[in-house]
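4 protein chains.
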Amino acid sequence: MILVLKENYDKKQLENLTAWFREKNLEPHLTEGAHTTILGLIGDTSKLDIDMLESMDIVESAKRIQEPFKSANRKFHPEDTVIEIGDVKIGGGNFAVIAGPCSVESEEQLCTIAEQVKAAGAGLLRGGAFKPRTSPYAFQGLRSEGIDLLLKAKKKTGLPIVTEIMDLSHLSLFDEVDVIQVGARNMQNFELLKELGHTNKPILLKRGLSSTLQELLMSAEYIMAGGNEKVILCERGIRTFETATRNTLDISAVPLLRQLTHLPVVVDPSHATGISKLVKPMSVAAAAAGADGLMIEVHNDPSRALCDGAQSLTPEQFSDVKKAVDAVLPFASR
Amino acid sequence: MILVLKENYDKKQLENLTAWFREKNLEPHLTEGAHTTILGLIGDTSKLDIDMLESMDIVESAKRIQEPFKSANRKFHPEDTVIEIGDVKIGGGNFAVIAGPCSVESEEQLCTIAEQVKAAGAGLLRGGAFKPRTSPYAFQGLRSEGIDLLLKAKKKTGLPIVTEIMDLSHLSLFDEVDVIQVGARNMQNFELLKELGHTNKPILLKRGLSSTLQELLMSAEYIMAGGNEKVILCERGIRTFETATRNTLDISAVPLLRQLTHLPVVVDPSHATGISKLVKPMSVAAAAAGADGLMIEVHNDPSRALCDGAQSLTPEQFSDVKKAVDAVLPFASR
Amino acid sequence: MILVLKENYDKKQLENLTAWFREKNLEPHLTEGAHTTILGLIGDTSKLDIDMLESMDIVESAKRIQEPFKSANRKFHPEDTVIEIGDVKIGGGNFAVIAGPCSVESEEQLCTIAEQVKAAGAGLLRGGAFKPRTSPYAFQGLRSEGIDLLLKAKKKTGLPIVTEIMDLSHLSLFDEVDVIQVGARNMQNFELLKELGHTNKPILLKRGLSSTLQELLMSAEYIMAGGNEKVILCERGIRTFETATRNTLDISAVPLLRQLTHLPVVVDPSHATGISKLVKPMSVAAAAAGADGLMIEVHNDPSRALCDGAQSLTPEQFSDVKKAVDAVLPFASR
Amino acid sequence: MILVLKENYDKKQLENLTAWFREKNLEPHLTEGAHTTILGLIGDTSKLDIDMLESMDIVESAKRIQEPFKSANRKFHPEDTVIEIGDVKIGGGNFAVIAGPCSVESEEQLCTIAEQVKAAGAGLLRGGAFKPRTSPYAFQGLRSEGIDLLLKAKKKTGLPIVTEIMDLSHLSLFDEVDVIQVGARNMQNFELLKELGHTNKPILLKRGLSSTLQELLMSAEYIMAGGNEKVILCERGIRTFETATRNTLDISAVPLLRQLTHLPVVVDPSHATGISKLVKPMSVAAAAAGADGLMIEVHNDPSRALCDGAQSLTPEQFSDVKKAVDAVLPFASR
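Chains as they are written, first to last, in our numbering: chain A, 13 to 346; chain B, 13 to 346; chain C, 13 to 346; chain D, 13 to 346.
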């Protein structure tokens with residue numbers, strides 16, 4: 013970390029500060045210029061609070077040189093993390109496709125889709141039981157009944173299930189869920205992240221609509237700091253000024269995250285774009301860019317889906333996407 | 013609401029759709045052109061799910077003409093809502109200043125600041141007990157002990173207290189808190205909002221970093237739909253490409269929200285800018301633009317604050333800001 | 013187009029307005045509801061000024077149903093446009109790679125790179141003669157001498173050349189240039205676009221840093237309205253809050269533009285990301301998503317390039333990217 | 013400037029680099045740690061090309077400590093710049109209001125408005141002769157005839173005139189124009205800026221829709237580097253995800269720019285918001301925040317304005333805004 017000192021800093025305050033750094037096993041190096049004095053800190057600065065440092069009387073600004081995350085950092089864990097979910101692996105060259113409806117609506121709907129996506133090659137079944145909706149007047153999901161239906165579909169098809177948690181108080185309902193999803197709006201629900209760090213379930217952590225990659229990794233760090241290292245990162249589009257798509261899918265996040273972290277990275281082209289016709293090109297693009305998996309919305313009747321139908325594929329379309337992705341995978345940039 | 017139909021839409025499907033709308037007391041009007049057919053819907057469309065409509069086979073796109081919020085809508089409630097908190101009023105021409113430290117650190121710290129901000133004219137005391145921090149390694153707040161200290165400071169000074177809730181499971185700790193704050197990262201924590209709708213406490217709802225004003229109002233609607241109409245909206249900066257300030261304070265949100273809703277609107281210049289020197293100009297600007305109040309961070313020793321010191325004012329600076337705001341208030345644009 | 017009228021609109025003003033629309037061969041349809049009255053316009057509304065309509069006394073808001081661009085619109089020109097540049101074709105299934113240095117620095121530098129990128133399979137040579145730089149103190153390009161060197165390299169290698177124009181007054185220097193590039197900062201330099209519409213040279217039009225796809229297409233429309241239909245669109249990253257990459261490459265723009273327009277779409281991963289290690293994954297992703305070409309920075313000694321070295325590839329790296337792209341192309345989603 | 017070196021940097025390359033810095037009168041200071049080596053540079057680094065440094069083999073990253081602008085920098089020019097335009101002064105405590113129509117439409121229209129805004133207290137007359145419009149089919153302005161009409165209105169009222177230049181080739185038409193405006197879309201039209209640096213006319217430089225404050229100051233630096241120090245900066249809203257206003261007015265830019273530079277800063281609330289009802293609250297907010305002036309659109313018949321009517325005020329409304337601003341000015345935060 014680099015601290016730039018104020019022009020007329022107090023020498024005594026600097027002495028106190030450097031003494032304090034030494035207590036924390038950080039070695040300070042001073043560089044004095046005509047107008048600018050710089051204090052470099054050598055050592056593990058990941059637990060220093062940059063806001064606090066910047067608020068000090070003698071400090072003009074502080075800049076990190078090293079990433080503030082450790083457990084998620086590839087520097088300290090060079091091998092890809094491989095997460096096993098039943099027979100499915102994700103990461104380290106294993107590509108997994110998660111598919112299913114936006115919302116769980118009925119046993120018939122869910123089981124039909126589950127069998128269809130399994131036949132088309134999906135490795136995991138997704139389905140929303142608890143649904144975060146912008147409007148209190150929109151369908152909020154079947155909630156605990158939805159989880160029961162997912163477990164039935166799992167029993168029937170053998171597909172492990174992925175579903176979203178919206179509040180800590182529901183955690184006990186997720187006992188038999190295979191992968192717990194943290195949605196974009198909860199990416200910085202730190203109390204939830206901490207508690208999930210004490211489970212031993214894989215967590216699918218979606219990037220917030222306006223979260224930087226560093227913030228996403230810090231949220232993964234919250235889970236990992238609690239002892240749960242099974243975190244799957246999910247790029248699902250960020251909010252920009254462009255209105256032609258629901259969000260802007262940041263595919264460059266895939267190779268960049270893969271450089272920064274050993275955790276697997278999947279892409280959700282359905283929520284990112286909000287347009288079913290874009291799911292195929294964005295799926296093959298994500299696979300080509302080195303993603304470890306995809307999360308795709310599939311509905312047996314998209315025109316009657318209770319939510320987000322506009323972005324869902326039919327099972328036939330999903331099968332077509334899966335084939336296109338499989339064709340590109342051998343040539344992916346990894 | 014306006015539905016644009018696809019060019020070769022099925023007449024039978026249209027009949028079914030219009031019948032369904034009529035069941036919902038919506039009157040459909042069809043306008044057919046050479047290339048475009050438009051279906052206008054007259055009636056209360058606030059509970060229609062626009063995503064579902066757009067996913068229908070015969071629908072090209074759907075556009076709302078009316079706002080999707082009702083309880084928060086000024087059209088149906090033209091008078092300003094006035095919220096009373098102890099002796100303090102906010103809204104309807106009553107301007108309130110909330111001040112205090114980012115984090116509650118100790119009884120001495122908190123009580124000292126509380127007395128100083130009271131002397132300077134603050135109407136409410138703020139202080140963080142539960143602290144949302146990007147890093148799991150940063151100070152997370154004194155938690156329930158912090159709330160105890162806030163209650164002590166309240167007893168000593170008489171100032172009502174405002175503090176942030178981070179998880180539903182902590183709600184019972186907030187029994188004697190006067191105003192419950194929902195932070196920017198929880199603005200769309202819908203389970204939390206629903207539960208707060210069943211309390212009768214004023215809720216200070218902060219705008220999310222990438223939330224539109226309509227989304228902010230929909231989150232207020234979640235609380236109000238549960239029966240709690242005491243919602244105070246708080247503009248605290250949005251995330252943009254600009255890096256010179258922590259966020260971009262959207263002061264135009266103030267008059268715009270005041271047109272759209274009857275709820276009071278306060279501004280937090282401390283978090284918005286992250287720079288203590290900008291707190292004064294942004295406070296007078298917000299007051300001039302018609303805000304109903306301000307929320308300002310004050311610390312007795314900003315250079316040693318455990319978090320966010322860079323944006324805190326000293327009590328003397330706060331007193332100076334308060335005077336500048338009082339001078340501008342009579343000339344505010346309301 | 014849809015006009016929503018104000019609640020108590022003047023009937024006489026409405027009559028005048030509908031008469032005016034009929035004069036313009038637009039057929040107005042009125043839908044009256046309890047609170048909302050809607051005026052639908054059937055016909056070619058592409059030349060209506062939406063701002064002017066919204067400013068009218070009786071109009072609450074106006075919304076377009078149809079795209080405001082015509083010449084660039086795939087609806088009126090379903091076949092892909094194929095642009096021929098010497099022996100190279102771009103569009104309609106023809107994929108072209110444009111490669112070369114950020115800045116032209118010397119004859120030796122340019123000719124060496126030109127031969128290397130040609131050997132690796134590039135179809136066109138790029139090189140900056142006029143350089144838009146944020147700082148007046150940074151290297152501004154060799155200007156007309158740079159164009160002379162590009163022409164020498166063209167003569168030597170046979171590669172057609174692409175170079176950027178920064179001001180209308182330089183147009184005569186571009187007589188022998190094969191493709192004129194309009195940079196992101198000039199995407200809405202309308203006087204320049206109009207004049208380029210009167211040339212018969214292919215124009216490579218880069219998307220502005222904060223331009224929507226519709227604005228990009230409207231800028232293409234400026235060129236096409238002048239008679240020049242040879243416009244190549246270039247996605248080169250948009251400005252977002254993310255700071256880990258220079259810009260955010262919006263790959264979803266590729267399939268979306270291909271739906272909206274018949275013009276070829278190329279992608280510039282070098283400027284979009286600003287990071288050389290991301291050029292390969294983003295190149296294969298763009299190809300997989302259906303792009304018609306790529307524009308890649310190549311330098312024989314990136315560590316000494318006079319500008320933008322951090323994002324340049326060596327000729328060896330470029331050759332590796334070209335092979336990876338060629339492998340993916342047969343499986344692209346088009 | 014700080015350079016972070018790569019972990020296994022070549023000692024010989026470092027020697028060459030430090031020698032090169034010494035030639036440029038920069039003093040390098042090395043700080044070596046276990047994992048990180050930092051090279052601090054003391055001296056005037058404003059002319060160093062940060063991109064080039066980051067591309068060097070041994071450099072991991074480079075960070076500026078000092079601002080890259082000099083002529084515009086308040087550090088080297090602590091006094092406010094005061095610009096005189098006829099009898100009007102702007103900057104250094106002098107507040108100026110520029111008002112007039114979006115587009116010049118006719119002599120009658122312009123002269124009527126000019127007299128009305130003068131009567132209401134405007135110091136300068138604005139009016140668009142050359143109009144940048146997104147669509148080639150929208151009204152493009154009266155061009156040179158528009159400038160003639162502005163000069164007539166100037167003669168009649170004595171108000172100095174402000175109007176926008178869109179291309180260098182029109183410069184001779186601006187001989188009698190008092191203030192040349194550079195629009196947001198041309199903020200980085202560097203060839204235009206350079207040429208304006210050789211005139212001796214005040215330049216009103218608008219911030220680009222996605223330009224940082226540093227980029228705005230670098231564009232001012234382009235003009236000043238040519239010898240013309242009469243630059244007025246104009247905040248006019250930035251592009252964000254929010255769609256309720258046309259752009260987001262960044263009022264915090266006002267006090268921040270005033271800290272960074274000695275140049276006057278004005279605010280354009282009309283273009284920023286695009287909503288006439290927001291012009292008054294945003295005008296008083298900008299004045300309260302310390303702006304040196306305002307630029308406001310006024311039209312005698314906003315409902316028939318040929319462009320941007322939705323954001324224009326009537327002369328009566330303008331007079332009301334002017335009075336509200338005058339009332340707040342004595343209490344502005346400066």
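Some clues are possibly wrong.
The list that follows gives simulated cross-link-like pairs (lysine-lysine, DSS-like), each with its CA atoms no further than 27 Å apart [claimed, not checked]:
{"no.": "1", "chain 1": "A", "residue 1": "Lys130", "chain 2": "A", "residue 2": "Lys334"}
{"no.": "2", "chain 1": "D", "residue 1": "Lys166", "chain 2": "A", "residue 2": "Lys75"}
{"no.": "3", "chain 1": "A", "residue 1": "Lys24", "chain 2": "A", "residue 2": "Lys75"}
{"no.": "4", "chain 1": "C", "residue 1": "Lys18", "chain 2": "B", "residue 2": "Lys75"}
{"no.": "5", "chain 1": "D", "residue 1": "Lys82", "chain 2": "B", "residue 2": "Lys289"}
{"no.": "6", "chain 1": "A", "residue 1": "Lys82", "chain 2": "A", "residue 2": "Lys101"}
{"no.": "7", "chain 1": "D", "residue 1": "Lys213", "chain 2": "D", "residue 2": "Lys164"}
{"no.": "8", "chain 1": "D", "residue 1": "Lys75", "chain 2": "B", "residue 2": "Lys289"}
{"no.": "9", "chain 1": "D", "residue 1": "Lys59", "chain 2": "C", "residue 2": "Lys18"}
{"no.": "10", "chain 1": "D", "residue 1": "Lys101", "chain 2": "D", "residue 2": "Lys59"}
{"no.": "11", "chain 1": "B", "residue 1": "Lys36", "chain 2": "B", "residue 2": "Lys87"}
{"no.": "12", "chain 1": "A", "residue 1": "Lys23", "chain 2": "D", "residue 2": "Lys87"}
{"no.": "13", "chain 1": "C", "residue 1": "Lys23", "chain 2": "C", "residue 2": "Lys82"}
{"no.": "14", "chain 1": "B", "residue 1": "Lys75", "chain 2": "C", "residue 2": "Lys130"}
{"no.": "15", "chain 1": "D", "residue 1": "Lys101", "chain 2": "A", "residue 2": "Lys18"}
{"no.": "16", "chain 1": "C", "residue 1": "Lys130", "chain 2": "C", "residue 2": "Lys18"}
{"no.": "17", "chain 1": "D", "residue 1": "Lys213", "chain 2": "D", "residue 2": "Lys101"}
{"no.": "18", "chain 1": "C", "residue 1": "Lys206", "chain 2": "C", "residue 2": "Lys168"}
{"no.": "19", "chain 1": "B", "residue 1": "Lys82", "chain 2": "C", "residue 2": "Lys18"}
{"no.": "20", "chain 1": "B", "residue 1": "Lys36", "chain 2": "C", "residue 2": "Lys335"}
{"no.": "21", "chain 1": "D", "residue 1": "Lys164", "chain 2": "A", "residue 2": "Lys75"}
{"no.": "22", "chain 1": "D", "residue 1": "Lys206", "chain 2": "D", "residue 2": "Lys168"}
{"no.": "23", "chain 1": "D", "residue 1": "Lys24", "chain 2": "C", "residue 2": "Lys289"}
{"no.": "24", "chain 1": "C", "residue 1": "Lys75", "chain 2": "B", "residue 2": "Lys18"}
{"no.": "25", "chain 1": "C", "residue 1": "Lys213", "chain 2": "A", "residue 2": "Lys335"}
{"no.": "26", "chain 1": "D", "residue 1": "Lys59", "chain 2": "D", "residue 2": "Lys130"}
{"no.": "27", "chain 1": "A", "residue 1": "Lys82", "chain 2": "C", "residue 2": "Lys213"}
{"no.": "28", "chain 1": "D", "residue 1": "Lys59", "chain 2": "A", "residue 2": "Lys18"}
{"no.": "29", "chain 1": "A", "residue 1": "Lys289", "chain 2": "B", "residue 2": "Lys75"}
{"no.": "30", "chain 1": "B", "residue 1": "Lys168", "chain 2": "B", "residue 2": "Lys335"}
Which bits of chain B does chain A cover? Going by a derived footprint, with three or more residues having C-beta under 8 Å, they are [to be verified]:
{"no.": "31", "segment": "58-65"}
{"no.": "32", "segment": "166-180"}
{"no.": "33", "segment": "193-201"}
{"no.": "34", "segment": "229-240"}
{"no.": "35", "segment": "261-267"}
Sample of chain C residues facing chain A (criterion: CB under 8 Å; computed from the structure) [unchecked claim]:
{"no.": "36", "residue": "Ala150"}
{"no.": "37", "residue": "Thr257"}
{"no.": "38", "residue": "Ala301"}
Quick caveat, the hints were computed from the structure, so don't treat them as lab data.
Ideal Cβ placement from N, Cα and C applies to all residues, glycine included.
Do the hints match the structure? See the list:
| no. | hint | in the structure |
| --- | --- | --- |
| 1 | Lys130(A) with Lys334(A) | 11 Å, holds |
| 2 | Lys166(D) with Lys75(A) | 52 Å, violated |
| 3 | Lys24(A) with Lys75(A) | 23 Å, holds |
| 4 | Lys18(C) with Lys75(B) | 17 Å, holds |
| 5 | Lys82(D) with Lys289(B) | 23 Å, holds |
| 6 | Lys82(A) with Lys101(A) | 24 Å, holds |
| 7 | Lys213(D) with Lys164(D) | 19 Å, holds |
| 8 | Lys75(D) with Lys289(B) | 24 Å, holds |
| 9 | Lys59(D) with Lys18(C) | 57 Å, violated |
| 10 | Lys101(D) with Lys59(D) | 33 Å, violated |
| 11 | Lys36(B) with Lys87(B) | 22 Å, holds |
| 12 | Lys23(A) with Lys87(D) | 23 Å, holds |
| 13 | Lys23(C) with Lys82(C) | 33 Å, violated |
| 14 | Lys75(B) with Lys130(C) | 51 Å, violated |
| 15 | Lys101(D) with Lys18(A) | 35 Å, violated |
| 16 | Lys130(C) with Lys18(C) | 62 Å, violated |
| 17 | Lys213(D) with Lys101(D) | 14 Å, holds |
| 18 | Lys206(C) with Lys168(C) | 33 Å, violated |
| 19 | Lys82(B) with Lys18(C) | 19 Å, holds |
| 20 | Lys36(B) with Lys335(C) | 59 Å, violated |
| 21 | Lys164(D) with Lys75(A) | 56 Å, violated |
| 22 | Lys206(D) with Lys168(D) | 33 Å, violated |
| 23 | Lys24(D) with Lys289(C) | 25 Å, holds |
| 24 | Lys75(C) with Lys18(B) | 17 Å, holds |
| 25 | Lys213(C) with Lys335(A) | 40 Å, violated |
| 26 | Lys59(D) with Lys130(D) | 45 Å, violated |
| 27 | Lys82(A) with Lys213(C) | 53 Å, violated |
| 28 | Lys59(D) with Lys18(A) | 23 Å, holds |
| 29 | Lys289(A) with Lys75(B) | 20 Å, holds |
| 30 | Lys168(B) with Lys335(B) | 24 Å, holds |
| 31 | 58-65 | holds (count 5) |
| 32 | 166-180 | holds (count 3) |
| 33 | 193-201 | holds (count 4) |
| 34 | 229-240 | holds (count 4) |
| 35 | 261-267 | violated (count 0) |
| 36 | Ala150 | 22 Å, violated |
| 37 | Thr257 | 5 Å, holds |
| 38 | Ala301 | 4 Å, holds |
Figure legend: structure checked against the earlier numbered hints; hints not met, in rising order: 2, 9, 10, 13, 14, 15, 16, 18, 20, 21, 22, 25, 26, 27, 35, 36.
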